[in-house]
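Protein chains in written order, with this note's numbering: chain A, 1 to 288; chain Z, 289 to 594.
To be clear, the hints were calculated from the coordinates, so they are not data collected in a lab.
Think of the CB as a built atom: it goes at the ideal place given N, C-alpha and C, for glycine as much as any other residue.
Do not take every clue at face value.
To be verified - Stretch by stretch, here's where chain Z covers chain A in the computed footprint (C-beta under 8 Å, at least three residues):
#1 68–76
#2 102–111
#3 122–128
#4 132–139
#5 188–201
#6 262–272
These are the residues of each chain, in order.
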Amino acid sequence: MTERALEAALPTGRHRPPNATAVIGGLLLALVVLASAVAPLLSSADPVKPQFSRRLAPPWGLGGTATHVLGTDNLGRDILARLLHGGRISLALAAVSVVIAAAVGIVVGLVAGSGGERVDAMFMRLADVQLALPVIMLAIAIVAVVGTSPAALVGVLALSGWVLYARTVRANVLTIRRLEYVEAAYTLGASDLRIITRHILPNTLAPILVIGSSQFATMVLLESGLSFLGMGIQAPQPSWGLMLSEGRDYLSNAWWLATVPGLAISVVVLGANLLGDGLRDLLDPHAG
Amino acid sequence: MRGYALRRLGQAALTLLGVSVLVFVVLRVLPGDPAKMLLPEGAPQSAVDELNRHLGLREPLHVQYAIFIRSVSRGDFGQSFQYRAPALQVVTERLAATAQLALAAMFLTGTVGVSLGIVAAVQRGSRYDFASTFFAVLGQSLPNFWLGIMLILLFGVALRWLPTSGFESWRHLVLPAVTLAAFPTALVTRLTRSSMLEILGRDYIRTGRAKGLAERAVVLRHALRNAAVPVLTVLGLQIGTLLGGAVITESVFAWPGMGKLVVDAIFFRDFPVVQTVLIFSATIFVLINLLVDLLYTVIDPRIRYS
C-alpha cells in the first residue's frame, strides 16, 4: 500500500530506481511485524502463565533446549512467546499513535497554513511549548495522573508526535498556495476544501510518509521506555520495555533476559529509521 | 539585532507561559481532585482543607491558575512530601548531578559527533565514511536503556572495568555519559556529514583549494565554520533529548539527578516535585535555545536580524 501511495505522491512520468536502504529497512520491519502478527503459530507457549520449574533456562545452543529457543525468564515463561506477544502490543500502540499524531498534525498544519497569520502564530507557539518539555517527562507526568491504560499511552504518544506533521504540512501549504496552478484554481472559483484535497494534500503525502516511518521508531522507543520505567504496559502483560526492566536484575546469571527484548526493539527501530531515510532519499534527493 | 533579541526574548517568555499552562492542566485539571494528588495518602481532612484554601482549589480554574503562577514566580513550588522540604530546594540539590552528566554527554556529542562527521564528509565513500555512518545509524536505533544495560553487562559484570552505578568519581560518569550521548552523537555525526558535504561542493571551497590553501585550512576554517550553523541549532535542540534521556539513563545507573528524582517522585506520588522538575527542564531548554539563536550572529556574521 505504501508503494502505491508513494507512486501517487511522486511526480508522474519519472521513474526512480528502488532504494536499497528503504528496502532493507522495510524488510526488517516487515519481518518483526509479520512474526508478531502470527505469534500463536510460532510459539504455543503461554506468554503470561508462570512455570516455576523451568526458571531461567538459557537459549537453545547456549545450554538450553529447542523447547525454549530463546530461553525462559525469572518466572519460567517462554521468552520467545513473550517477545512475540509483547511485539503485538508495542507495535500496535506505536502504529495507532503514529496515525493519530499524523491526523492531528495534518489538520493543525492545514489550519495554521491557511487560517491567516494570527492562527498560524498561535499554533506555532503551541508547537514551541510542546517542544520545550522533554517528551518522556511530560509522558510520565500524564500517565501518573490518568493511569497506564493503553488508551492513555496512545494519547500520550500521539500528543508527543503531532508537531512534526503540523510544521511540515504548514510549510507545504504556504508554498503550494503560491504556485501558479493553485492560484489559477482559486481564480476559477475552487473552494478551500477542494484546493486542500486536490492540490495540497497529494503534494504533502510524501513528506508525511517519511515522517511517519521515522516516527514509528520514536514511538516504539518511547513506549518501551515508559514500560521500562514501569509507567507503560503493566505486568504480567508482556512488553519489550517491561521484559528488559525485569531482566535487569538477572544480568550476572541470566544475561539473555535483558538482551533479547532490547535486540527486538533495536531491530524495529533500525528498520523504521532505515525505511524513513530511504524514503527521504527517494523523495527528496537534496536532503541529507 | 537588538530588536531581534527582544523579540526572541518575548517569544521565550511566551513559551514558558504556555508551559506553565500545560503543567497546570496536567497536574491540576486532569486529576479531578488535585488535593488528593498533591497530598500524601491518608492526609487528615484538616490538611486537605488547608491545601484547598492555600491553592484556591475551590475557586474557578482561571483564579487557580493565577494563584499557581503567582506562587511559582515567587519560587514557591509547594512542599515535597517525600523529602519534607520545599520542592524547589529538593530539585536544585539534584541539578548539579544532572548538569554534570548532561555536560559530559554534550562534550562527547560535540567532539565525537563533529569529528566523525567531518572525517566521513572529507573521506566520502571511504571505509571511514561507511564506519561512521554505520555507527550513526546504530546510535540512533539502540534504545538508551538497553545500551546502558548492555554497557553494564560488558564493562561492569563481564570485564569489571567500570562501576555500574553510583555517583562518586569520574569513573562512575563514563558509562552513563556514553549512554546518554549515543543518540545525539549519532544525530550530530550525520548532520555534520551532510552539512559539510554541501559546503565542500561550493565554489569558494574550490577557489580556496585552487589558490593553494592547505587542505586542513580549507576544511576547518572555511568549510566547518559554514557548516556549523545547522549543527549548532541541533546541538541546542538536543538539550531536550539530554534532559529527557537523563530520565532513563539516571534510572539505569542510579545517578542522583533530576531525571531519577522525577521517576522516584512519580512512584511516591510526590507531585510538587514533578511539577518543579517539569518547569525547570522547560526553562533550561528555552533559555539555552535562546542563547543558541543569539550566538548565530557571532558565528556567522552574515546573519543580521533587523
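Are any of the numbered hints broken by this structure? If so, which, sorted upward? 1, 2, 5
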